[in-house]
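Residue numbers (the working numbering), protein chains in the order written: chain A, 110 to 238; chain B, 110 to 238; chain C, 110 to 238; chain D, 110 to 238; chain E, 110 to 238; chain F, 110 to 238.
Hints are not guaranteed to be accurate.
Note that identical chains are pooled: a pair holds if it fits in a single copy or bridges any two copies.
Said to hold, decoys possible - Distance condition first, Cα-Cα at most 25 Å in a straight line; then the derived DMTMM-like pairs of lysine to aspartate or glutamate:
1) LYS199 to GLU114
2) LYS199 to GLU130
3) LYS227 to GLU114
4) LYS227 to ASP142
5) LYS199 to GLU186
6) LYS166 to GLU114
7) LYS199 to ASP164
8) LYS199 to GLU129
9) LYS227 to GLU130
10) LYS166 to GLU120
11) LYS199 to ASP142
12) LYS166 to ASP142
13) LYS166 to GLU129
14) LYS227 to GLU201
15) LYS199 to GLU226
Just so you know, the hints here were simulated from the structure itself, not pulled from any lab data.
6 protein chains.
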Amino acid sequence: MESSEAYRRGEVIRAEVFGEEGVQRARRLARLDPGLANYIMECVWGGILSRPGLDRKTRELITLASVTSLGQLPEVEQHVNGALNVGATKGEVIECIVQMAVYAGRPACLNAMHAAEKVFRERGLLDGD
Amino acid sequence: MESSEAYRRGEVIRAEVFGEEGVQRARRLARLDPGLANYIMECVWGGILSRPGLDRKTRELITLASVTSLGQLPEVEQHVNGALNVGATKGEVIECIVQMAVYAGRPACLNAMHAAEKVFRERGLLDGD
Amino acid sequence: MESSEAYRRGEVIRAEVFGEEGVQRARRLARLDPGLANYIMECVWGGILSRPGLDRKTRELITLASVTSLGQLPEVEQHVNGALNVGATKGEVIECIVQMAVYAGRPACLNAMHAAEKVFRERGLLDGD
Amino acid sequence: MESSEAYRRGEVIRAEVFGEEGVQRARRLARLDPGLANYIMECVWGGILSRPGLDRKTRELITLASVTSLGQLPEVEQHVNGALNVGATKGEVIECIVQMAVYAGRPACLNAMHAAEKVFRERGLLDGD
Amino acid sequence: MESSEAYRRGEVIRAEVFGEEGVQRARRLARLDPGLANYIMECVWGGILSRPGLDRKTRELITLASVTSLGQLPEVEQHVNGALNVGATKGEVIECIVQMAVYAGRPACLNAMHAAEKVFRERGLLDGD
Amino acid sequence: MESSEAYRRGEVIRAEVFGEEGVQRARRLARLDPGLANYIMECVWGGILSRPGLDRKTRELITLASVTSLGQLPEVEQHVNGALNVGATKGEVIECIVQMAVYAGRPACLNAMHAAEKVFRERGLLDGD
Chain A
110 MESSEAYRRG EVIRAEVFGE EGVQRARRLA RLDPGLANYI MECVWGGILS
160 RPGLDRKTRE LITLASVTSL GQLPEVEQHV NGALNVGATK GEVIECIVQM
210 AVYAGRPACL NAMHAAEKVF RERGLLDGD
Chain B
110 MESSEAYRRG EVIRAEVFGE EGVQRARRLA RLDPGLANYI MECVWGGILS
160 RPGLDRKTRE LITLASVTSL GQLPEVEQHV NGALNVGATK GEVIECIVQM
210 AVYAGRPACL NAMHAAEKVF RERGLLDGD
Chain C
110 MESSEAYRRG EVIRAEVFGE EGVQRARRLA RLDPGLANYI MECVWGGILS
160 RPGLDRKTRE LITLASVTSL GQLPEVEQHV NGALNVGATK GEVIECIVQM
210 AVYAGRPACL NAMHAAEKVF RERGLLDGD
Chain D
110 MESSEAYRRG EVIRAEVFGE EGVQRARRLA RLDPGLANYI MECVWGGILS
160 RPGLDRKTRE LITLASVTSL GQLPEVEQHV NGALNVGATK GEVIECIVQM
210 AVYAGRPACL NAMHAAEKVF RERGLLDGD
Chain E
110 MESSEAYRRG EVIRAEVFGE EGVQRARRLA RLDPGLANYI MECVWGGILS
160 RPGLDRKTRE LITLASVTSL GQLPEVEQHV NGALNVGATK GEVIECIVQM
210 AVYAGRPACL NAMHAAEKVF RERGLLDGD
Chain F
110 MESSEAYRRG EVIRAEVFGE EGVQRARRLA RLDPGLANYI MECVWGGILS
160 RPGLDRKTRE LITLASVTSL GQLPEVEQHV NGALNVGATK GEVIECIVQM
210 AVYAGRPACL NAMHAAEKVF RERGLLDGD
């Protein structure tokens, strides 16, 4: 099944967004449940997330808005990295998370800001650290 | 208090996004609680939502992602209108909501799609209706 | 089972909070599932909600904060009525809901405000209607 | 794309769960976004939901637990019907929803109970109506 | 109060589901708030969760679906253990969590999968570790 | 902008609730995004949270109910401290969290109880530790 066109398209897009770290995460998941790993590559990344109509950066920003609103913190870290990997600036990531204070509440915003701060630090994007 | 610069800036941006319908909603809220209406105009629209760093259309799309994920359906309708008012296409609105099937689940996506369909119909954007 | 002390205590407190309307709701639920209706009367109202340590009004306000945050709108209406029935003022109810804009986001707050407005109107608490 | 084996498998399972009403819903969605309708049939019903390892009835009950917990009420109605269609009894549906009072809270449970009551009535499963 | 029939019934069922670890958790809670510990044993385990109409394994699976959907990770771990303790297989636990990708979104599913993986490892259920 | 009357009012109230620890948190946030830190001080603390109509203790208790219901655990810790700082007793904090078992579910309640227990221990409010 891994040889479908959608699967290969998903692999390319996911690598662009998550880089080598994402490949490791996919391998770990595939050991636990190959079918779920396959679904995520073929149906999610090779399906929904590869549809034309929104550019890669906007897709990562709306994902970041969603996982911030839902309080899914490990995903916030991954998609802060993802957004930066596909061309969003640190400032745009911050704007996206700050705006969630309005719609999802201040706690959801601040928890995501702390997750983003960790990523910024790892990538050397914080001044004076 | 209504005469602050932030308040006036908020009024301009909110009118751009929500149009006349939004003005009516703000008046109704102001009758119930003027302080809350003022906060929303001055701190939300004139504050967070008027920060530079993200364009108006991207801001509406990330808001749409958030309220779709949170299942806030009246807000979905308002921000589908808002996104269309500031230049998003029907196709971009659909992409944003479809992508939420991945992150917030299929029910959150489909409920928002039905709300969006209602707005598309009101604006004459559905074929063959 | 309905004759337990906790059940009778629950009936008294629940009647104080919800009045006759609440009695009707309990009867309707008992027709569908007597055990659930019994649990709610005996364990919830006669148990947790009848513990000393917080006065009735504060209990209704924290419940209102919870159901507003969770977007449980039918419950918002019921507990706006409940809070007013046990001595909260219209102003206190509004403060409680407005504060949720900070913690649960503006959409959760505004949806609850519209539910509260409906209750205020039914009780003749809105000026100029 | 609709001719894939997974698509056809999804159609069969979904028809078993939702019946003719579900076919109408799928057609309406396909008019709005054929790709999303296709994803749901091929990846969701023909993919995840057609995996062996859990029987159809258990799958519908855990779905009902999830949408009750998430407060997704239109889905509650659909999956009460779905659970009954694949062999769950009215009593099992009620047990599933009642149990959610523990994990998702009493409001989530009661809202779902009212949605289930509506379905029971439509199917003639309520005594004395 | 601990000597009620419902309390003793709850103790038996809870011990079956959670084992010795659950007894320790209950004692710790009872030190902080005996009334809450009592409520959970008597009303939850001895009440709602001891109703006939669903077998123990199905009850644990719908609980797992609920806490996965709600993102309650410590509970996910406890109920993965609980489900395994009352006869669910590792495969059935995985199916239950995978299905939540559809209804609660991929992040909720993956976070729960990582929690389950930890339990599988502790119980020696992972190959090649 | 920091010199506005609302900003100064916010600083005073926030210091009363959170103490020195809160000042450190605000400084850290201001380094990451001064505008967000300013918004929180001026619009949230100096705005919504400084409105008359509810006393400080009741405001902290409804906040605690909200963040417990939303599963925002770092906020639970902060507002358990906040509630205690403005005059709530340990018993009142526990009542507030226990009541959430009814409205937001047992997992949300227990997670918050564990966060509160940690704060009680830090403040020397647990017997026999």
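Cross-check of the supplied hints:
1. LYS199 to GLU114: neither (34 Å within a copy, 28 Å between copies)
2. LYS199 to GLU130: within (20 Å within a copy, 27 Å between copies)
3. LYS227 to GLU114: This pair counts as neither: shortest intra-copy Cα distance 36 Å, inter-copy 33 Å.
4. LYS227 to ASP142: Only across copies: LYS227 and ASP142 sit 14 Å apart there, 30 Å inside one copy, limit 25 Å.
5. LYS199 to GLU186: within (13 Å within a copy, 29 Å between copies)
6. LYS166 to GLU114: Result: close within a single copy only, 23 Å intra versus 32 Å inter.
7. LYS199 to ASP164: Both, since 18 Å and 15 Å are each at most 25 Å.
8. LYS199 to GLU129: within (21 Å within a copy, 30 Å between copies)
9. LYS227 to GLU130: both (16 Å within a copy, 20 Å between copies)
10. LYS166 to GLU120: within (17 Å within a copy, 29 Å between copies)
11. LYS199 to ASP142: Only across copies: LYS199 and ASP142 sit 11 Å apart there, 34 Å inside one copy, limit 25 Å.
12. LYS166 to ASP142: Between. Shortest inter-copy distance 22 Å satisfies the 25 Å Cα cut-off; intra-copy 29 Å does not.
13. LYS166 to GLU129: within (19 Å within a copy, 32 Å between copies)
14. LYS227 to GLU201: Classified as within: same-chain Cα gap 16 Å, cross-chain 31 Å, threshold 25 Å.
15. LYS199 to GLU226: This pair counts as within: shortest intra-copy Cα distance 10 Å, inter-copy 33 Å.
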